[in-house]
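Colleague: For reference, the chains in residue letters:
6 protein chains.
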Amino acid sequence: MNTIDNIIKLALFEDSGHGDITTESILLESFSGTGVIVAKESFVLAGVEIAKKVFKLLDPLCEPYSSYSDGDCVKDGEVFFKVKGDLLALLKGERVALNFMQRLSGIATLTRSFIEELSFPDVRLTDTRKTTPGLRGLEKEAVRAGGAFNHRMSLYDGILIKDNHIAVAGSIKNAVKAVRNRTSHLMKIEVETTTLDEVSQALDAGAEVIMLDNMNYEQMTRAVKFINGKAVVEASGNVSISTLNKIAATGVDVISCGALTHQARSVDMSMRINTE
Amino acid sequence: MNTIDNIIKLALFEDSGHGDITTESILLESFSGTGVIVAKESFVLAGVEIAKKVFKLLDPLCEPYSSYSDGDCVKDGEVFFKVKGDLLALLKGERVALNFMQRLSGIATLTRSFIEELSFPDVRLTDTRKTTPGLRGLEKEAVRAGGAFNHRMSLYDGILIKDNHIAVAGSIKNAVKAVRNRTSHLMKIEVETTTLDEVSQALDAGAEVIMLDNMNYEQMTRAVKFINGKAVVEASGNVSISTLNKIAATGVDVISCGALTHQARSVDMSMRINTE
Amino acid sequence: MNTIDNIIKLALFEDSGHGDITTESILLESFSGTGVIVAKESFVLAGVEIAKKVFKLLDPLCEPYSSYSDGDCVKDGEVFFKVKGDLLALLKGERVALNFMQRLSGIATLTRSFIEELSFPDVRLTDTRKTTPGLRGLEKEAVRAGGAFNHRMSLYDGILIKDNHIAVAGSIKNAVKAVRNRTSHLMKIEVETTTLDEVSQALDAGAEVIMLDNMNYEQMTRAVKFINGKAVVEASGNVSISTLNKIAATGVDVISCGALTHQARSVDMSMRINTE
Amino acid sequence: MNTIDNIIKLALFEDSGHGDITTESILLESFSGTGVIVAKESFVLAGVEIAKKVFKLLDPLCEPYSSYSDGDCVKDGEVFFKVKGDLLALLKGERVALNFMQRLSGIATLTRSFIEELSFPDVRLTDTRKTTPGLRGLEKEAVRAGGAFNHRMSLYDGILIKDNHIAVAGSIKNAVKAVRNRTSHLMKIEVETTTLDEVSQALDAGAEVIMLDNMNYEQMTRAVKFINGKAVVEASGNVSISTLNKIAATGVDVISCGALTHQARSVDMSMRINTE
Amino acid sequence: MNTIDNIIKLALFEDSGHGDITTESILLESFSGTGVIVAKESFVLAGVEIAKKVFKLLDPLCEPYSSYSDGDCVKDGEVFFKVKGDLLALLKGERVALNFMQRLSGIATLTRSFIEELSFPDVRLTDTRKTTPGLRGLEKEAVRAGGAFNHRMSLYDGILIKDNHIAVAGSIKNAVKAVRNRTSHLMKIEVETTTLDEVSQALDAGAEVIMLDNMNYEQMTRAVKFINGKAVVEASGNVSISTLNKIAATGVDVISCGALTHQARSVDMSMRINTE
Amino acid sequence: MNTIDNIIKLALFEDSGHGDITTESILLESFSGTGVIVAKESFVLAGVEIAKKVFKLLDPLCEPYSSYSDGDCVKDGEVFFKVKGDLLALLKGERVALNFMQRLSGIATLTRSFIEELSFPDVRLTDTRKTTPGLRGLEKEAVRAGGAFNHRMSLYDGILIKDNHIAVAGSIKNAVKAVRNRTSHLMKIEVETTTLDEVSQALDAGAEVIMLDNMNYEQMTRAVKFINGKAVVEASGNVSISTLNKIAATGVDVISCGALTHQARSVDMSMRINTE
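Residue numbers (my numbering), protein chains in the order written: chain A, 20 to 295; chain B, 20 to 295; chain C, 20 to 295; chain D, 20 to 295; chain E, 20 to 295; chain F, 20 to 295.
Hint data in this document are derived by calculation from the structure and do not stem from the laboratory.
All figures in this text were calculated on a predicted structure; none of them were measured in a lab.
It is possible that part of the hints are untrue.
One copy or two, either will do: identical chains are not told apart, so a pair holds if it fits within one copy or between any two.
What the hints assert, rightly or not - When the alpha-carbon atoms are kept at most 30 Å apart in a straight line, the in silico DSBU-like pairs for lysine-lysine are as follows:
| # | residue 1 | residue 2 |
| --- | --- | --- |
| 1 | 149 | 181 |
| 2 | 207 | 71 |
| 3 | 249 | 149 |
| 4 | 265 | 196 |
| 5 | 75 | 265 |
| 6 | 192 | 181 |
| 7 | 59 | 265 |
| 8 | 28 | 207 |
| 9 | 249 | 94 |
| 10 | 196 | 103 |
| 11 | 59 | 75 |
| 12 | 249 | 103 |
| 13 | 149 | 101 |
| 14 | 75 | 181 |
| 15 | 71 | 181 |
| 16 | 28 | 244 |
| 17 | 192 | 149 |
| 18 | 59 | 94 |
| 19 | 196 | 244 |
| 20 | 149 | 103 |
| 21 | 72 | 207 |
| 22 | 94 | 192 |
| 23 | 181 | 59 |
| 24 | 249 | 265 |
| 25 | 192 | 103 |
| 26 | 249 | 101 |
I would like the entire structure built from these sequences, with the hints used as guidance.
Modeller: Below, the structure written as structure tokens:
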């Protein structure tokens, strides 16, 4: 009923679906324990609700708690998460909960560094579909925790007309028209362009968002001027922390950046469990 | 029936489970196309069979092909993957296939750099369970493609007795005995230790593998000497490319390293699709 | 991997998941047969590809064929579908294929009558979310086969701010702003209004689509005039074939109509199977 | 574990499986609310337990309540259902719960009109397998709520030998014998007949139920006389509210009628939600 | 879509869902092989189509073949099954296919010994619901392969009123009436009885099948006489190969026997695989 | 998320997934009841936790209780299990819970007889993969309840090199080396041998466990002597209660025995339910 639950269950299954043979050999009766997760570097937190869900799925009666929320900064050495519950559940959930939070906090932390670098408050920095298979929804939440925005979630909740679509349709105009007839009036149509001529065609065809794909700064500046507020303008391609402000300076409205997710690395944290 | 198929299906579902509204608005009849994937930096390839499966699942009649196998080096600019088939399937599979290969090749590439650094050919460098949720099996294959070895896959196919187990069992001896009774004679028992005294107890208890957890070089050297070939010795904790050879020099048999998977970044590649 | 396949499989399961005890008692070896489906009244066809899928799922080697496509008119008495294949598959698929096509063609036929009545070619008639549980995607396809358009598919691919949202957010302005921050730049924001004052607030807040909910003709006329092209205007509530043109005459852009799906009845058709 | 839960989950998934982007953008903390469902025409209620399940699945702590049961008459304007709970759950459940109850109450209402028309209290009016794909079980419950009876649920819980079976078996006698051997002694065998000669053969073969398919009143009268209580007699084909009593007058025991389900339309009701 | 496929997939998953680590370490390229299954004792075969499905699921291109069908006798030493295909698939399928056929043939063999013992050809010997969890459908097929008949498959395709039902309903009469109203006219109603008085009540209530539960021979004889053909009579309880004919001699129509499934043991067979 | 839950759900589904038509016709409101399970012969109990789960899945509020644990002896006539809860749940769970416990206790009882026969306390008696499809995990727990040990659970958690692997690899040495590279250092490698020469090769190749397959007592004695403690020695093939001690006397460490699972028969027990 829910895609996020699916990935958590898959993650638990791959780690302990057939049991934890070490622990189950030793814990012949039920024990309770307390686990605390401590930061081993400073980072922007993401995934804290997922970590709670991991433990709740394994032990519905356990009590995970954190005074932090996604998007908060956690300092090196801080204990930021506690969970009290069935010891077997803590031991099974430990690695899975950490794996989720380490990856997601890595994305939030990298995203935050981009946001802090960006000097143009009206420019919307977004992610892309370059996410880890199965973790799309979670990684996009982590991007928001870091302070950036989301692009479309998938191929079905946003329209983006690319060169292959134009080739099949015969022209930008035909492509926009075909899509308009098939989709609801609640969706904007975006067209990917690489030249000013394509920008002009997209505008004529009624595109509401125009992507400038891999254009240089000068081309982008001219395109923005040409469009002149008649469509939202998105820059895409070769976006890094060092090019970010130069791109923003061309006047575009949106900058989409795959690096937010696919260049992120896991942050370091660990869990200590005390038996009672 | 198969955990790897599950994650591929989940990845396809999250991206186009409800359709690709742009493409489906335009492709009212069936078109065929050809896609080629080109490397945009040099890397060690991993995930090539997964990419084939992605396209095969979307179009059972398509023909994915690569002259490269997992573990091969691909040079910047090379076309290393081709697929001919239904255009809708190519457009739906593009991002998912890339997301898999980019992440997995990132792991293989990072692993290869560790392997090339390691000067002790008899030392076995392994991964850990610090993998992306849902991708455990695939990331461990990528580690092997990079030239390293796998540690246990999950909590049910390898035994590792940690401090919590020992606390509950009362002693290392009790813990080893309990596990021995519950598990098959095909499994070795590993005990995590942090002091020489614990090493000694583990050896007496009949542990077949002893993990030296977060010990310094001197402690590790003394432990290896003490164990003296009576058990396999594994070093764990703070393993990086700069500490790798110093750890190996202590005489341990195995070095397990979470960085292989959780410090890897996606490598850059892109797909071009031609309509026919 | 696909929501439409899910409902087909569920439908087959509920009818013959544990087998067809009558047929399986008699068909101890494999027989082939030919089935033809004949219209028992005139209608607009929808669901023909689903019917093919039903038979293909039961017998991958069968050959379903129709010279008609969704949206075509079928006359009373015409044979419009043939399928040749395994007799057991034909007998199992018969009722399920008919149940799908009868319901979906009923929707297409009713929708077509609305479209033929509508004298304002620029007004977009759409469906709503008032669809049969499980059949949302198929029924929305049937609406398009009938000649109308789709509103959003679900709660996640279109934004509609209603009174409850406004109450929680404190004002229309707050609500629009909150949604804008959370969603991609590819989505338009629609606000439901019941008075001119709300229309004015929605416009000020930057709503791109404004729904006039259950307004009378005069209110709608005044709202359209007030909005004056600055947002798309959608009329909703009490839309029937007799009010359709009067609503359209107020100048609205979109009319959404639940009756297209929930007042439709199954059309009559039957299948004859010949054993070979 | 349960087919009815499956369709509810599928219905919730298709509407909000990936979230409710409007509500989730605004409800950043938890709110509670109260919803009431009001009848907008008079009808026979069905599906009230399903509606409760919808809300319970979304918020296990919510409190759905109705003083009405399936089969009760609800008057235009009456509030017949209340639910208090998490606001997000109410907003997600609203459309799905209504869609179920509107369709099912439509069936119960139409069925009730048939039952009230029928002047022969000993004749059993039943539904058929002409139900909405995925909703078989629920629609058959709605038929009972309307006061009629159920025919078999599917191809595996009732035996009906049709012309194709007879053709393959060689004769009615052979077909009955084959089925008798394969099925339990708890099932009656029904044979479909179109002529008096077939009726005679079915009786000789030991059929316990004989279907008179599309016979006229005179044929039916003669068949009933011929059978003379040795088998249950079922009339099938062209059953409408205007032919109902004429068919019953021929003396048949059972009348099966597809119209109960496939000619029903959704009844009108709506939900109001108050935020607290 | 099919319960039998589910158990086969579950069986394959539990044995090799995460792979066959031995074989996959060695078979780095594709090999083909041929497997033959040989009987290591004489038995009545059952499950041969399941075994074919096991291999087909693992290698859709493999060619399983047997000149025997379920119900045939296989002699000790005979090769009765061959399969040619992908070596990895043969090695993964071997144990699962054997486990199915060994258990199912064990049931068929035991059932055949009961059938050969039974001297009353008109008495119907049936199984019960005492089957291995998950294998119900397959074990009931094996019973038929052995020559006996099936009782109901489950709680939903046959009616059996027991003491608890009667207690709740207040009387046998009430219980029969309640069930009659709720179920289709294609189902017979069976009532479990332990005394002649209950038999009499069941007959008066219109029960079509009467179960004599754990009665002695004399009681059964009197009950049969009392019923006098007005209902089908089933004997149940303490049925073994030594009591079988004595029970049959009392004149009952049906004897149900749990031993057919729960006293069966696996027959012996093994598979030899040749690499090519 | 859990393979054991899967088989329980499958078992419940096959028995009452579409409902219990008898009970549901009669229990129009909720009743509570108490069930007790009584032994009808003496046996070693297994599956008691599974039986609890069956009832808990059907009625989360019910209270199953037993003063016995798996491995305890239950005497003929003893009441060893009670459950109080919703009557419908008791009636639905009865047969499924019994079917699990009867089969599993049958295995535990047979295993216990082997263990009591075995005069060599240091020899480890194990099961094999010859288990009922779908019940692998449960049957292996029952074997432990009986007092024996488990061999590997499946093809992925234990390594066993057989003749086909050796044929493909070219030699025992090559096969062991290939497997060593592919698997973790926590797994022992077992090689199946049929001659002393193969034993010698396996030992040279570094096999940690050597299986003597179908050797006679003399061959086994010589092999054990030859191996001389350098590897664990497992005897396999033709193990019965009468050969058990003769095999153990040869000096082997492990005896694996398929009969523990595939020659077991269900023990007799029954459930009485009282309505309240």
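Colleague: Output the indices of the hints that this structure fails to meet, ascending.
Modeller: Hints 2, 5, 9, 12, 16, 21, 22, 26 contradicted; others consistent.
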